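Colleague: Numbering (the working numbering), first residue to last: 21 to 196.
If you're looking for bench data, these hints aren't it; they were derived computationally from the structure.
Some hints could be false.
Derived PhoX-like pairs: lysine-lysine, alpha-carbon spacing no greater than 25 Å straight-line [stated by the list, open to error]: (1) K114 with K165; (2) K101 with K77; (3) K150 with K186; (4) K129 with K101; (5) K117 with K138; (6) K114 with K101; (7) K117 with K101; (8) K77 with K114; (9) K117 with K77; (10) K150 with K101; (11) K37 with K47; (12) K75 with K101; (13) K138 with K186; (14) K117 with K186; (15) K151 with K114; (16) K117 with K129; (17) K75 with K117; (18) K101 with K47.
Predicted model, so just to flag it, every value in this text is computed and none were measured.
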Amino acid sequence: MASSTRLRAGLTAVAIKNAKGRAKPYKLTDGDGLFLYVTPNGGRYWRMNYRHLGKQKTLAFGVYPDTSLAEAREQRDAARKVLARGDDPGEQIKLEKVAAAVSASNSFKAVADEWLVKVEREGRSAVTMKKLRWLLDFINGTIGKRPIASISAQELLVMLRKMEGKGRYDTKGLSL
């Protein structure tokens with residue numbers, strides 16, 4: 021049988037569902053490094069063993085049933101593609117987490133909150149600060165969680181027009 025048409029024995033949904041805790045943790049293998057790690061208390065965790073630059077490493081893909089067999093296999097296949105390029109999938113995941121954290125810290129709300137602290141320190145009046153907070157609360161509901169770099173001037177204009185449509189024209193004291 022040709023290698024491209026060979027069948028790969030692997031885990032089944034029934035085998036995973038029936039996996040119960042034992043005195044010691046054990047593994048149920050699926051293939052290409054993917055396995056289900058079963059703990060003594062019955063917890064079932066998707067893992068993948070791989071080697072990169074001669075070192076044995078393990079990736080964690082989630083907990084069953086939150087992460088299904090199909091999802092775990094997709095993550096394994098994606099990790100194998102990263103390995104095929106010569107990169108470490110574990111390091112790629114770490115870099116993606118750092119990028120997400122940086123992106124979250126550069127959300128519109130985070131930058132706006134930092135700006136509010138600055139203008140308050142500069143001695144703006146309580147009335148001005150109240151207006152600024154109102155304006156930013158209105159905007160944060162729509163774009164607050166988005167990275168600041170992904171927000172266009174057109175989006176801001178649409179939001180300002182919504183305020184205008186509500187009859188909110190007073191922007192005295194707003195030096196944006």
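Colleague: Determine for every hint whether it applies to the structure shown.
Modeller: These are the hints, each one checked on the structure:
no. : hint           : in the structure
1   : K114 with K165 : 21 Å, holds
2   : K101 with K77  : 16 Å, holds
3   : K150 with K186 : 18 Å, holds
4   : K129 with K101 : 36 Å, violated
5   : K117 with K138 : 29 Å, violated
6   : K114 with K101 : 17 Å, holds
7   : K117 with K101 : 19 Å, holds
8   : K77 with K114  : 14 Å, holds
9   : K117 with K77  : 18 Å, holds
10  : K150 with K101 : 52 Å, violated
11  : K37 with K47   : 14 Å, holds
12  : K75 with K101  : 18 Å, holds
13  : K138 with K186 : 29 Å, violated
14  : K117 with K186 : 40 Å, violated
15  : K151 with K114 : 40 Å, violated
16  : K117 with K129 : 20 Å, holds
17  : K75 with K117  : 22 Å, holds
18  : K101 with K47  : 24 Å, holds
In this structure, the earlier hints numbered 4, 5, 10, 13, 14 and 15 are contradicted, and the remaining ones agree with it.
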